[in-house]
Amino acid sequence: MDLTLNASERAFRDEVATWLAENAPRERRPPAGPAMVEFDVAWQRRQFDAGWAGISWPAEYGGRGLSLVQQVIWYSEYARAGAPTETGVCFVGNAHAGPTLIACADEELKRRHLPRILSGEEIWCQGFSEPGAGSDLAGLSTRAVIDGDHLVVNGQKIWTSYAHHAQQQELLVRTSTGARRQDGITWVVCPMDTPGIEVRPIRTITGHDDFCEVFYDDVRIPLTNVVGAVDDGWRVAMSTLSFERGTGFLPEQVELVARVDELVDLARTRTDRTGRALIEDSGLAERLATARAEAHAVLAMTLAVISRNARSSLPGPEASMVRLLFSQLQQRVAALAVDLRGLEGLAEGSPWVHDYLYLFATTIAAGTKDVQRGIVAERVLGLPRGR
Amino acid sequence: MPLDLVPDDVQRAIVDAAVDLLDPAAGAAALRSRGDGPVRDAGVWEKAADQGWFGLALPEDAGGLGLGAGELALLHRELGRTLTAGPYLGTTVAATLFPSPELIGGRPVGVLIADGPSEVGPRVTGTFRTDDREDAAAWLALSPTGAAFVETAVTVEPTPDSMDPGARPARVVVDTAARYAEGPEAWTLATVLVAAHLAGLAQGSVAASVAHTAVREQFGRPIGSFQMVQQRCADMATRADAATQLTLLAALAREPQLAASALLVASDAAVTNARDDIQNHGGMGFTWEVDAHLRLRRAHGLRALLGDAADVRAAVLDGPAARAW
Chain B
1 MDLTLNASER AFRDEVATWL AENAPRERRP PAGPAMVEFD VAWQRRQFDA
51 GWAGISWPAE YGGRGLSLVQ QVIWYSEYAR AGAPTETGVC FVGNAHAGPT
101 LIACADEELK RRHLPRILSG EEIWCQGFSE PGAGSDLAGL STRAVIDGDH
151 LVVNGQKIWT SYAHHAQQQE LLVRTSTGAR RQDGITWVVC PMDTPGIEVR
201 PIRTITGHDD FCEVFYDDVR IPLTNVVGAV DDGWRVAMST LSFERGTGFL
251 PEQVELVARV DELVDLARTR TDRTGRALIE DSGLAERLAT ARAEAHAVLA
301 MTLAVISRNA RSSLPGPEAS MVRLLFSQLQ QRVAALAVDL RGLEGLAEGS
351 PWVHDYLYLF ATTIAAGTKD VQRGIVAERV LGLPRGR
Chain L
1 MPLDLVPDDV QRAIVDAAVD LLDPAAGAAA LRSRGDGPVR DAGVWEKAAD
51 QGWFGLALPE DAGGLGLGAG ELALLHRELG RTLTAGPYLG TTVAATLFPS
101 PELIGGRPVG VLIADGPSEV GPRVTGTFRT DDREDAAAWL ALSPTGAAFV
151 ETAVTVEPTP DSMDPGARPA RVVVDTAARY AEGPEAWTLA TVLVAAHLAG
201 LAQGSVAASV AHTAVREQFG RPIGSFQMVQ QRCADMATRA DAATQLTLLA
251 ALAREPQLAA SALLVASDAA VTNARDDIQN HGGMGFTWEV DAHLRLRRAH
301 GLRALLGDAA DVRAAVLDGP AARAW
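Which chain is which? The protein sequence lines are B and L, in order. Residue 58 in UniProt numbering is what sits at position 58 of the first sequence, and the numbering runs on without skipping anything. Residue 176 in UniProt numbering is what sits at position 176 of the second sequence, and the numbering runs on without skipping anything.
Read the hints as simulated data drawn from the structure, not as lab findings.
Facing chain L, according to a computed beta carbon distance under 8 Å, are these residues of chain B, among others:
hint, residue
1, Val69
2, Ser76
3, Ala300
4, Arg308
Remember, predicted model here, so these are calculated numbers, not experimental data. We put the CB at the ideal spot given by N, CA and C, even for glycine.
Sequences and hints are given; from them, build the entire structure.
And the structure:
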């Protein structure tokens, strides 16, 4: 247990903070459409050009090859500078597909894709969920058969964020049926311009096309695009679900602290009909104080997960507890932001309504909160397996 | 490594020593019988003093072990986990702020918190409350802005018993000169240590629920395999982890807002987990013999020790968000 940064880490923190203060976009990220894609890619490019993309990625693929502590510092300062923490179009490439390629892909795939992910040239999407396989990912049934030196894919994916903007997809397909359902799955890089792919955007509760259905009709993908081995995709997928050793959500978590700060300030200045400051309302004060305290707790829990993961090669299931608290806290803070603003907070198209609606996804995506609780019960606490 | 929240070997050894010394079964039995007189187990207290618990955070040349608030928090979490009672809080904070061989050696110090018009400074006056009326050989008056060490001239008026059988509440009237340390350090440390005790209670409730639901069978299966029970236990574990990690972070940062945040999160964790633990034990949870109610009682008492909910809220909302790194 130690929070003290040494002189070179403090210098790194100052360097990062200075660059971010001068370069982080000030304007709000557009919520959808070509303007959103342009915004995300331009910001990714600016980080890449200045040498800040891929903080912990190996230098030979365009990253910085820095330590875990420096990565934590970068993410923390990034959020404190007000840089965009929304799940942008570059998110899957940076946070999931890229780290998976680094961990499991051959040299050819790494050299082809990693620099392009960092420079913003390649947007990636994640082809995991299916109509019949959501939280129960191992139930996926999109099939691929080997035909010569190609996989031929038929089936359907769903809830694929930004599939309509992506050039590449990390795709899980069923190549055989083994003893366990996790056997016989293959992880493959699927170029989204391959003939036979049809993408249909789905309108979400925010009113925007945030994700898509993707249909595959005899889609031919070279076998050289397989990461790991055919039938070994479950291991490949799980190798990066630990999410960069626990740092994956750190920017959003640090940003949440700043978001609560804004709400505390708002509650001090905004008054009710009688002229009383909102913060004098003990109910609102309790919600604000709990939100700030729990936002601090999320950071502490994440730091503990990072510290534990740094000591062991196998990340533990404790990250599910962070996910449980963080995702529900995000929703509570978004609700507070709406409630504190009265009628203004209810305006359709306002950022507060958008965030409030968009954040319903956080207790569903990456395993619903119910699934996360099951993981905590059985894998953290060791309770008997149930169904 | 910096930015590290996992105990190292030395810190784990401290926890192991506490686990060896503290006997939860004996502690709970004493609480259950609620005898008169001091709640402190004198034998355990003496050994704790011998092991250097009270001077843990003092430099070695001041007679301490040269460790810090993080290690103290680990110890006080064990006090909570094992339901250990006694004036550990006041003695530890007093020894840290006003080092002396007697305090490091375990002269018991009760905590005084303002309860009406009062002044904590070089002169301490007014009405205070305490949980340590039977035990204290001296007093530590605590306020968010300073702490005073009071050795003489107090009037102790017992008040009704607390729902926590480990507390011996009283109203204490003081009007005397005192050794005074200005600044928020004592209050922050006390807040962190109360949060640590509450985090330990929350963890104790998780452990008790897991131990029970993993073996208790109904409908031919352990009840811990039922989703409803699993989900409740998962939420309990999450609360306990939030309380524990935030308390350790606050201990290392020694920062008032983080300490208040830890107290808020740990108070909720301790009370809610104790309630859930009673529920998880079914009919047994409603009995005097099962420890679940003792943790509930302690959690309520300790949550109110340093002030009411509005005080804690105000401390959490004071100023912009604190940074730990």
